Structure formats: structure tokens, C-alpha cells
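Number of protein chains: 2
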Amino acid sequence: MKLLEERIRNEGVVKPGGVLKVDSFLNHQMDVALFDAMGEEWKRLFSDKYINKILTIETSGIGIACIVARHFGVPVVFAKKAKSINIDGEVYDAKIHSFTHGRVYDVIVSKKYIGSEDHVLIIDDFLANGCALEGLLSILKEAGATVEGIGIAIEKGFQHGGDRIRATGIQLESLAIVESMNDQTGEIHFRQES
Amino acid sequence: MKLLEERIRNEGVVKPGGVLKVDSFLNHQMDVALFDAMGEEWKRLFSDKYINKILTIETSGIGIACIVARHFGVPVVFAKKAKSINIDGEVYDAKIHSFTHGRVYDVIVSKKYIGSEDHVLIIDDFLANGCALEGLLSILKEAGATVEGIGIAIEKGFQHGGDRIRATGIQLESLAIVESMNDQTGEIHFRQES
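As you go down the protein sequences, you meet chains A and B in turn. Our numbering applies: residue 1 is where the first sequence begins, and numbers increase by one. Our numbering applies: residue 1 is where the second sequence begins, and numbers increase by one.
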């Protein structure tokens, strides 16, 4: 999506260690008009799918997911970061390994809000190694829900989490795929759209 | 706002200790169509104000704030919960005492995204004792920004944080004010609209 690539190129800051900061429009200040354009694009890309729920994860996915949900006319459920794992059987839980923060955390989703009748589109801001997505996919599998697709704002193509998920046959639509970036020059190269 | 009061009455669960659970539509599953109606109502209530930015706080405020921001045509900034306080001077920070979780946490906002030129509407899901709001207000004061108003989905009137903020002269618009609730019977009484 050219609009998003331009914003990344103009405002994104490349930091050492494969970090791309997009605080000015995506995950601290949020450009809701841009999110709206992204929602329109995902609606087009998933137009042949029946979707009745959007699933995202704390924290930066929530704003995008809500704006996108308007385009699909469906509610959003967000997986919550939890201090402790499932102790009462009322929630699905998954362990997510965060390489960014160097730790493992648990996320939970109440069993009341995802079930076998749901056809789910997952929305998130970033995809790198894919651990967060795999956590959400394992929750949906446990719930018996149907995964209709995944929409990601920015995929770090060089970390290959996206390639692994595409190989499973899931429709994964990243609106910008960063193929390489250079923290010395600030240059960012995107994967060419096919 | 009758629509919100009805949802609280139908789906809200009153727990001991003054806890009101509204997980099914506000802060775990999110009813984006309801958020849209709330945005329309706040746009009406703040129609005489010039607003160029919305400020909210992690986590449950983010979804509401983004949907509301569409009605005002402005970006959202969310205050981030931080592990450590301001060490480099690049952020505003505030300490917030959470009675719910029995601890003090820090929130930060980058100085890049709020400044003296900003006319800010604060949006959040809950207002109880008002500590979170006072943290956000102190950040806006430090930034030299103008506080144009505060929009809250559910105010717990019996905890009086809202009354204290109204006494300062700030326009605070809570769409539902719970005057009392009973965890034995599940009954919820709302403050009458004036």
C-alpha cells in the first residue's frame, strides 16, 4: 500500500537491532485517517471472506483493529496481557515470546467472546518473527474458530515470520513489507507488490 | 446517553468492591458501532470547542479514542505505561495511583506529540477516583496544552473523582454516571441527566 510505505519512508526511524520506530502515526500518535484507508484496503483484500469478528492484541493493535472493524461492521476482541496463566478455565491463554523485550508473557481471551461459530480476521500493527501471531492462532485453534485471514500494517520481511505463516496457507495481507533497512543511512526498502 | 445506560444495565456485571464489569462491549470485546454512537454524542457535546488532538491512556481507552477521533478529524495520542520514569527529557511523565491494582505506575507521552499549540480532548473508558485523569491533566499542563474537555464512557459517580474535576471548571462529559450499584442484586442506578 503506497500510502503506508510513503509514511514509513518519510517518518519511520531505523534503529540498531532491526528496530523501526513509527511512533508519529502508528503506535504512540495514531493517524486515524490513515487507519481508515488501511481498513478500506483490507476490506477489499478480504472481500470474498465471511468475517464476523476481529481479534487483535494489546496494545498497539487495538486502535487499528477498531477502525478496521467499522469497515467490516463487526466487533473487536483484544487479547489481554496477563500476569498469570489460566487458572479458572474461563479463558484461552497462550505464551508469547517477545524478542523485543526479551521475555515470555501470557495473553488471555475470555471464552465468552471467541467460539467455534466465529470467523475471525486477525489485525495487528507489526509482524516480525511471528510469535505474537502464533499465540493468537493457537487461541483460535483452541476455540475452534475459523481463521479467515490476517491483516498486518508493517511486516519485517527479513525476519521471516510472515513467510512461515503464509506457508501454512493462511491469507496474510501485510500493507507494507520491509525487505531491508539500514540504521546507518536510514534507508528502507520494501518488497515489491506481486 | 440512554443507549450506553441500557447496555450497562443489560450486560454489566456488578462485583464486590465497587467493580463493574463491561467486558462484553467496552474493554475486552469492543462494540465499535456503540463507540461510533458515543463519538457522535461527544462531537455534539463539544461542538463549540476547537479540538485538534485526542489524548487517551493504555489500554482500554485506545479503541474508543480512535473511533471518536474520526468524528473530530484529529489524531490520537495515547499515554504509555512505562517501566521507568523520564530519564532523557524527551517525554512527559506522570505517576498514577491505581486503586484497582493497588500500585503506582508511570505513564509517559513523547514531547514530540503534545505541545503548547494543542487543544486537547481527553477520552477514557472509566472514571472512578480520577487518578488516571489527573495524571493526564498534569502531562497537558507540563506541555502547556489547552484542555478543551474530557469525555468518559462510564463514570462511577459514587467515587467522586468526576465531581472533583468538574469543580475545577473543566467540561467533563460522562455518557453514563453510575450513582449506585449493588453486587447482591446486580441493580445499577444512574445519575439523572440534568
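Source of the hints: derived by calculation from the structure; they are not laboratory data. None of the values given here were measured: they were computed from a predicted structure. Don't take every hint at face value.
[Unchecked claim] The list that follows gives simulated cross-link-like pairs (lysine-lysine, DSS-like), each with its CA atoms no further than 30 Å apart:
(1) B:K111 - A:K111
(2) A:K81 - B:K81
(3) A:K81 - B:K95
(4) A:K83 - B:K43
(5) B:K21 - A:K21
(6) B:K80 - B:K111
(7) A:K15 - B:K21
(8) A:K141 - A:K49
(9) B:K81 - B:K15
(10) A:K81 - A:K21
(11) B:K80 - A:K111
(12) B:K21 - A:K141
(13) A:K112 - A:K43
(14) B:K15 - A:K111
(15) A:K112 - A:K80
(16) B:K43 - B:K83
(17) A:K2 - B:K112
(18) A:K80 - B:K112
(19) B:K80 - A:K2
(20) A:K80 - B:K49
How the hints compare with the structure:
A distance of roughly 40 Å separates the Cα atoms of B:K111 and A:K111; the hinted pair therefore is violated under the 30 Å criterion. A threshold of 30 Å between alpha carbons decides the hint, and for A:K81 with B:K81 the separation of about 13 Å falls inside it, so the pair holds. Restraint check for A:K81 and B:K95: satisfied, since their Cα atoms lie roughly 21 Å apart, inside the 30 Å limit. In summary, the hint linking A:K83 to B:K43 is not supported, as the alpha carbons are separated by about 37 Å, beyond the 30 Å threshold.
For a cut-off of 30 Å, the pair hint linking B:K21 to A:K21 is broken: about 35 Å separates their Cα positions. Restraint check for B:K80 and B:K111: satisfied, since their Cα atoms lie roughly 13 Å apart, inside the 30 Å limit. Straight-line distance between C-alpha atoms of A:K15 and B:K21 comes to about 41 Å, which puts the hinted pair past the 30 Å bound. For a cut-off of 30 Å, the pair hint linking A:K141 to A:K49 stands: about 18 Å separates their Cα positions.
For the proposed pair B:K81 and B:K15, the alpha carbon gap of about 26 Å is at most 30 Å, so the pair holds. For a cut-off of 30 Å, the pair hint linking A:K81 to A:K21 stands: about 22 Å separates their Cα positions. Pair hint B:K80 plus A:K111 holds up; C-alpha atoms about 28 Å apart against a cutoff of 30 Å. Restraint check for B:K21 and A:K141: satisfied, since their Cα atoms lie roughly 27 Å apart, inside the 30 Å limit.
With a C-alpha separation of about 26 Å, the suggested pairing of A:K112 with A:K43 holds against the 30 Å cut-off. Our distance criterion of 30 Å between C-alpha atoms is met by B:K15 and A:K111, whose separation comes to about 19 Å. Among the hinted pairs, A:K112 with A:K80 is consistent with the structure: their alpha-carbon atoms are about 14 Å apart, no more than 30 Å. Using a Cα cut-off of 30 Å, the hinted pair B:K43 and B:K83 is violated, with the two alpha carbons roughly 35 Å apart.
For the hint linking A:K2 to B:K112, the alpha-carbon distance of about 25 Å falls within 30 Å, and the restraint holds. Taking the CA atoms of A:K80 and B:K112, the gap is near 28 Å; set against the 30 Å cutoff, the hint holds. The hinted pair formed by B:K80 and A:K2 meets the criterion: a straight-line CA distance of about 29 Å does not exceed 30 Å. Of the pairs offered as hints, the one joining A:K80 and B:K49 is violated, with about 35 Å between alpha carbons and a cut-off of 30 Å exceeded.
The earlier numbered hints that this structure contradicts are 1, 4, 5, 7, 16 and 20.
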